[in-house]
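Enquirer: Chain residues, written in single-letter form:
There are 2 protein chains.
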Amino acid sequence: MEVIVPFSTDRPKSRLSSVLAPEERVAFARAMLDDVLDAVAAAGGEPRVLATDAVDLDRPVTVDDRPLTDAVNGALDTRLGADDESDGPPEPTAVVMADLALATPATLDRLFAAGRDADVAVVPGRGGGTNAFVASHPEFRVDYHGASYLDHREIAAAVGAAFETVDSHRLGTDVDEPADLAEVLIHGEGRAATWLREAGFALDASEGRVSVVRE
Amino acid sequence: MEVIVPFSTDRPKSRLSSVLAPEERVAFARAMLDDVLDAVAAAGGEPRVLATDAVDLDRPVTVDDRPLTDAVNGALDTRLGADDESDGPPEPTAVVMADLALATPATLDRLFAAGRDADVAVVPGRGGGTNAFVASHPEFRVDYHGASYLDHREIAAAVGAAFETVDSHRLGTDVDEPADLAEVLIHGEGRAATWLREAGFALDASEGRVSVVRE
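Sequence order for the protein chains is A and B. Under our numbering, think of the first position of the first sequence as 79, with each following residue one higher. Under our numbering, think of the first position of the second sequence as 79, with each following residue one higher.
Isolated chain A, as found in the complex (with noise of 0.2 Å):
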């Protein structure tokens, strides 16, 4: 299965501000990609990486500096839809987004499973985005905005796909604000988890929910 695995080269994971410089924020997020690109690939995946400036990398990469939503289209359109000249029904095609750090090849599994039997097959984030996705179905479209686990449910079923979600903490996390590393260094098993670690940040316990500090 093809896998397309967006990244932004253009200050990437700024609400990671507070704790991280640009530079560093940088080398976490290359770090979270090469993991989930290896998770992808261990499988059984294909991974392509959908860029929007060039990125230097052993995988193959499609450059495509529109927003995410219409890069995500563009691609699916090529795969599922009106540009897809194979015969036949559309071969599944996955979207996994490149800050899942505690993506593992058996998550993905599970998702890939789920997606071969639905039409779309989509995992939620926290707060109601959709970290991961495969889609067979020809008309499903993505929207990135707001709450789109809930959207994608709705376009799903406004076109007639047969819907299923994935529940999965690990590819629920999205790593985005400083209480995401947490689970980096709870659950983390590659790179972005060995970078936290070098970079000096480790779980503090003290109070409440465990978060982390840096030393």
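Since the hints were derived computationally from the structure, they do not count as laboratory data. Hints are not guaranteed to be accurate.
Copies of the same chain look alike in the list, so a pair counts if it works inside one copy or between any two.
Taking lysine to any residue and the SDA-like style, the derived pairs with C-alpha atoms no more than 20 Å apart in a straight line are [what the hints assert, rightly or not]:
id : residue 1 : residue 2
1  : Lys91     : Gly278
2  : Lys91     : Glu285
3  : Lys91     : Ala105
4  : Lys91     : Asp131
5  : Lys91     : Arg269
Given chain A, work out where chain B should sit, using these hints.
Expert: What follows is chain B alone, placed relative to chain A:
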């Protein structure tokens, strides 16, 4: 499978005090408890509430006013350990927190299945807590302080218990803080979601991750 549901009758959900009055927190906590108990029963579990004080319920209730860790370990002593008077290996026992307002029979099924395969199966909560577990190892005991998921993994290793992590956003979402209410409005299908809507809460997608507003 017996499923113990710890429930505090004393000032529940204090971390929601910025958005809910004391009597509202009592009503909302009760709505979540009822949702959890219904989901457990629908998944084939036999729920038993482990309450800090008497509570009016049509389900079995054990009152134990000790702190959470001691009360749960007391229950495990009876079922798995020193006080277990049955022959053969202990039956798996589950402990599921009362504030998992997104629990569904399907997600609990996954937990119960994992708990039949492994000696200890844990669902980590956001921030490294232990939202639910199933244990059948006679020596496994809990310590809910801090990042208890990591501690429970270590405790299981120390007693030689096979450990499995269950990856679930629904069961990983314990409703403690105002931001968690958005998850209930997005995914909840039971009394807790209805209670919030009737209390005037709605999703607010005006900035970053979706949150809630009260009308």
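Enquirer: None of the hints should be skipped; say for each whether it holds.
Expert: So, going through the hints one by one against the coordinates:
1. Lys91 / Gly278: Classified as within; 18 Å inside a copy, 33 Å across copies.
2. Lys91 / Glu285: between (26 Å within a copy, 15 Å between copies)
3. Lys91 / Ala105: within (10 Å within a copy, 39 Å between copies)
4. Lys91 / Asp131: This pair counts as within: shortest intra-copy Cα distance 16 Å, inter-copy 46 Å.
5. Lys91 / Arg269: Within one copy only: 16 Å inside a chain, 36 Å across chains, cut-off 20 Å.
When held up to the earlier numbered hints, the structure conflicts with none and fits them all.
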